[in-house]
Amino acid sequence: MLNVIKKQNLSRSLINGLRNVAIREVHTPRRALMYVPSDDKRKLRKSRELEADCIALDLEDGVANNKKDAARQIARAFFDAGSNNPVEGHKESHRRAEWAVRVNSVCSNLCEEDLKTILGGEIKPETILLPKYNETEQLRQFADWVNKALADAEHKINLIFYAESCKAVMRLPELCEYAVQLSQVPGAKFIPVSIVFGSDDFCASAGLTRTEEGKEILYARQRIVTVAKAFDLQAIDMVYTDYTNLEGLKAQAKEGAKFGYTGKQVIHPCQLEIVQKAFVPSSEKVEWASELLKAWDEHEKDGVGAFTFKNKMIDAPTMKQAQNILEIMRSVQ
Amino acid sequence: MLNVIKKQNLSRSLINGLRNVAIREVHTPRRALMYVPSDDKRKLRKSRELEADCIALDLEDGVANNKKDAARQIARAFFDAGSNNPVEGHKESHRRAEWAVRVNSVCSNLCEEDLKTILGGEIKPETILLPKYNETEQLRQFADWVNKALADAEHKINLIFYAESCKAVMRLPELCEYAVQLSQVPGAKFIPVSIVFGSDDFCASAGLTRTEEGKEILYARQRIVTVAKAFDLQAIDMVYTDYTNLEGLKAQAKEGAKFGYTGKQVIHPCQLEIVQKAFVPSSEKVEWASELLKAWDEHEKDGVGAFTFKNKMIDAPTMKQAQNILEIMRSVQ
Amino acid sequence: MLNVIKKQNLSRSLINGLRNVAIREVHTPRRALMYVPSDDKRKLRKSRELEADCIALDLEDGVANNKKDAARQIARAFFDAGSNNPVEGHKESHRRAEWAVRVNSVCSNLCEEDLKTILGGEIKPETILLPKYNETEQLRQFADWVNKALADAEHKINLIFYAESCKAVMRLPELCEYAVQLSQVPGAKFIPVSIVFGSDDFCASAGLTRTEEGKEILYARQRIVTVAKAFDLQAIDMVYTDYTNLEGLKAQAKEGAKFGYTGKQVIHPCQLEIVQKAFVPSSEKVEWASELLKAWDEHEKDGVGAFTFKNKMIDAPTMKQAQNILEIMRSVQ
Chain A
-11 MLNVIKKQNL
-1 SRSLINGLRN
9 VAIREVHTPR
19 RALMYVPSDD
29 KRKLRKSREL
39 EADCIALDLE
49 DGVANNKKDA
59 ARQIARAFFD
69 AGSNNPVEGH
79 KESHRRAEWA
89 VRVNSVCSNL
99 CEEDLKTILG
109 GEIKPETILL
119 PKYNETEQLR
129 QFADWVNKAL
139 ADAEHKINLI
149 FYAESCKAVM
159 RLPELCEYAV
169 QLSQVPGAKF
179 IPVSIVFGSD
189 DFCASAGLTR
199 TEEGKEILYA
209 RQRIVTVAKA
219 FDLQAIDMVY
229 TDYTNLEGLK
239 AQAKEGAKFG
249 YTGKQVIHPC
259 QLEIVQKAFV
269 PSSEKVEWAS
279 ELLKAWDEHE
289 KDGVGAFTFK
299 NKMIDAPTMK
309 QAQNILEIMR
319 SVQ
Chain B
-11 MLNVIKKQNL
-1 SRSLINGLRN
9 VAIREVHTPR
19 RALMYVPSDD
29 KRKLRKSREL
39 EADCIALDLE
49 DGVANNKKDA
59 ARQIARAFFD
69 AGSNNPVEGH
79 KESHRRAEWA
89 VRVNSVCSNL
99 CEEDLKTILG
109 GEIKPETILL
119 PKYNETEQLR
129 QFADWVNKAL
139 ADAEHKINLI
149 FYAESCKAVM
159 RLPELCEYAV
169 QLSQVPGAKF
179 IPVSIVFGSD
189 DFCASAGLTR
199 TEEGKEILYA
209 RQRIVTVAKA
219 FDLQAIDMVY
229 TDYTNLEGLK
239 AQAKEGAKFG
249 YTGKQVIHPC
259 QLEIVQKAFV
269 PSSEKVEWAS
279 ELLKAWDEHE
289 KDGVGAFTFK
299 NKMIDAPTMK
309 QAQNILEIMR
319 SVQ
Chain C
-11 MLNVIKKQNL
-1 SRSLINGLRN
9 VAIREVHTPR
19 RALMYVPSDD
29 KRKLRKSREL
39 EADCIALDLE
49 DGVANNKKDA
59 ARQIARAFFD
69 AGSNNPVEGH
79 KESHRRAEWA
89 VRVNSVCSNL
99 CEEDLKTILG
109 GEIKPETILL
119 PKYNETEQLR
129 QFADWVNKAL
139 ADAEHKINLI
149 FYAESCKAVM
159 RLPELCEYAV
169 QLSQVPGAKF
179 IPVSIVFGSD
189 DFCASAGLTR
199 TEEGKEILYA
209 RQRIVTVAKA
219 FDLQAIDMVY
229 TDYTNLEGLK
239 AQAKEGAKFG
249 YTGKQVIHPC
259 QLEIVQKAFV
269 PSSEKVEWAS
279 ELLKAWDEHE
289 KDGVGAFTFK
299 NKMIDAPTMK
309 QAQNILEIMR
319 SVQ
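Residue numbers (this note's numbering), protein chains in the order written: chain A, -11 to 321; chain B, -11 to 321; chain C, -11 to 321.
One chain only, chain A, in its complex shape:
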């Protein structure tokens, strides 16, 4: 199947077909974004065994106010010890996780110290999660701190920020545009890669009442995907807080994937397997996509632009959807 993809990607007809489309770069998969409270050494140690695409040491909402400094120091020690490397002797199939840190928001008076500590050591996380990004000014401040802390660093750090208030959801296009602009200034040391839907803070901000079905949250949830994708950013879906209800989690995760989300926040290890699976295309879809791309290629050679495939009229847009599916598949394998 992967052969099909490679062949398709290189075929001239496809490249022509895509000429006007911004080619979506193959993103680092972030199907599950798993939080671990950074003040809890035991949980941190155990998290190294987990199969999650992205694991975030949390300094923010998961840590009490009187433990903030302890949490920073533990995170620093974690990276100093090289604990973000794969566990030795671990089965080969275990993917190397991306290690991230969720700092406190710019307005918290904690963020600068968080960044100094986290980015001050030799070994650094790959990714910083910035919560409660509501005003462009906050990102300017954040950028100053990060660019200074990483002035001598070779690599840039990934930035994932949170839309978790009515203000942020309303202003999201402006907030994203500013983040992209700031990241392209000479000396910038971060690259925006994803937006997280911070649904619980959003609900508090909107005063809305969550239901299992989620009708009340549809506008925000779909707006965030649309804006994220408009800036070629990933979109990471809301938390499912009831970790005893795995059926509910599964339904919500699958719906998020259908909505275009590329991953989901996870607050308990028992949620991981379901979430990681929900963001992999089903084997039926992968098969459909591979066959469609083969048929597309043949029709293009024959000069046919639109054709019937399994009862449906296929033209370039459907072909691009099939390509998306195979790209996701490739990125998670």
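One should not assume that every hint holds.
Identical copies look the same in the list; a pair holds intra-copy or inter-copy alike.
[To be verified] Each computed DSS-like pair below joins lysine-lysine, with the alpha-carbon atoms no more than 27 Å apart:
1. K34 to K289
2. K308 to K265
3. K203 to K242
4. K298 to K56
5. K34 to K104
6. K289 to K31
7. K273 to K238
8. K203 to K246
9. K242 to K300
10. K246 to K282
11. K298 to K29
12. K238 to K203
13. K308 to K203
These aren't lab readings, by the way, just hints derived from the structure by calculation.
Once you have looked at the hints, place chains B and C on chain A.
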């Protein structure tokens, strides 16, 4: 229960937890916004007996064009007579209603005269409802008229405006921002407090067909809440026009409350009780919120940032939702 | 029934009632927008027999890359031959279709040549469809080409553009505003009339998975209607690709009409009848609207602004909805 709230609000841990959150001021409750056609003296008189948070003397859509002046004069006489005071001898439990006037839109050529008449007497309404606000220029004009009429007044008047066209829904962030800015100019005599979703005008503008379920109106209905809350304004939900169907009303009112609306328009006294109740949190929710805040406080003391409460993972955002519930409860008691 | 409409429209009370409302001009109906691949002479010939409000010779997604020039030339020959005139001897009831051409996007390097060829002959299409409009700069370029090609033409051409990416959906207000502005510059030779929801390209761009129910696409689908109507543009709904499932098509078409869409894209002749019908108001609705307007007129004479009609409270907004229905009815008859 109220003790719990007071205690919670003062507890240092909570204040710390909320440090980065704009504290939502306790708004005047406006669960039901009840219209009375201002040219109908009998209905006006009867409306004084009603238990509605907010009663609006309507000069606009509920009054025929050849009755506009009569309606103005009746409204003026109503306030001159002090009829906006609680009815004497009325049972104590009866809340004092907020008396408002819905003037005609700025483009109607009626608005300036409406405002002169309504604001020209000794006793004034607390609140003006401005319909069909579609362009910032309209509010500039409105502000000129109001600021002039109230130049010598001690108090500012509350402004509630209507989003009731595709244009208004599309531009709502800009319209709100402008309203807030104008209200902060020295000499400004009004304070924006709420947005009303004028769903029937909106439907005419969008050419859409209303269904009982309301799927067709979801985008506008949720966008309005999101933008309102982004500016710390209340959001008042659409009219349920079939006043013989109280079950339908109840369902729609409860859904509006779940979506984050803080109140609903009412066009018939028989709708009042259902609507006023729908925007009070259920006793189960109030109990949940009180218990959660108690647990939060205890965990904070112990330095625990996230904890399990009734099978769900709780951190600061959920705590804020619980606080919201208790604040609403307090404001309507 | 039509008498009622005419009478209503002229009645002074109604004009007063509408004074503050931008009177919606009676648009050319575009219930079905039917695509025919322009490189397929047989299909083109057959399309002349079809009862579709608007037929688009497609140069874009329905035509393979190595057939683009052939498609242009066939389209040119089609108009040169006057084939856009009604078929002789055809039953009178057959409406004259609007003939349009879908050119390739501005970024394709094909668009300029498309426009030169299509607009270069004596007989021209009435309407150009511009796909993949994502940046204002693209329209500036398009306008240059069109204005030049039509410099000596007497009539302006209609412009229908496509919202078919996350970027376009996000920026739609800005894109529409720019199109309207450019069309008002002296020398401009086009008039924006409709927006098409290009759902398949949009889904590829958002990475979302289509379901029959369409929950995943609700935000974009309703946002597009809202923005279109805010600029007094028509909104043309998404494609239903499975042309063997006519029940599914019918449901989707009717839902689109309820959402405020004025028409729908059609990719197979078998879809035409269902789609054309779905965008005509039902006889029950037309009857309701006519009766309501009669009642409105009588109440206005008596100085009553709001009244009860079939259990519902009626005021100006509902009257405008009734008017909408009768205007649509009139435009398709």
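Evaluation of the provided hints:
no.	hint	verdict
1	K34 to K289	between (54 Å within a copy, 26 Å between copies)
2	K308 to K265	within (23 Å within a copy, 32 Å between copies)
3	K203 to K242	both (15 Å within a copy, 13 Å between copies)
4	K298 to K56	between (57 Å within a copy, 26 Å between copies)
5	K34 to K104	within (26 Å within a copy, 67 Å between copies)
6	K289 to K31	between (56 Å within a copy, 21 Å between copies)
7	K273 to K238	both (18 Å within a copy, 26 Å between copies)
8	K203 to K246	both (15 Å within a copy, 9 Å between copies)
9	K242 to K300	both (24 Å within a copy, 20 Å between copies)
10	K246 to K282	within (24 Å within a copy, 38 Å between copies)
11	K298 to K29	between (54 Å within a copy, 25 Å between copies)
12	K238 to K203	both (17 Å within a copy, 17 Å between copies)
13	K308 to K203	between (29 Å within a copy, 21 Å between copies)
Going down the numbered hints, you'll see the structure goes against none, and every one checks out.
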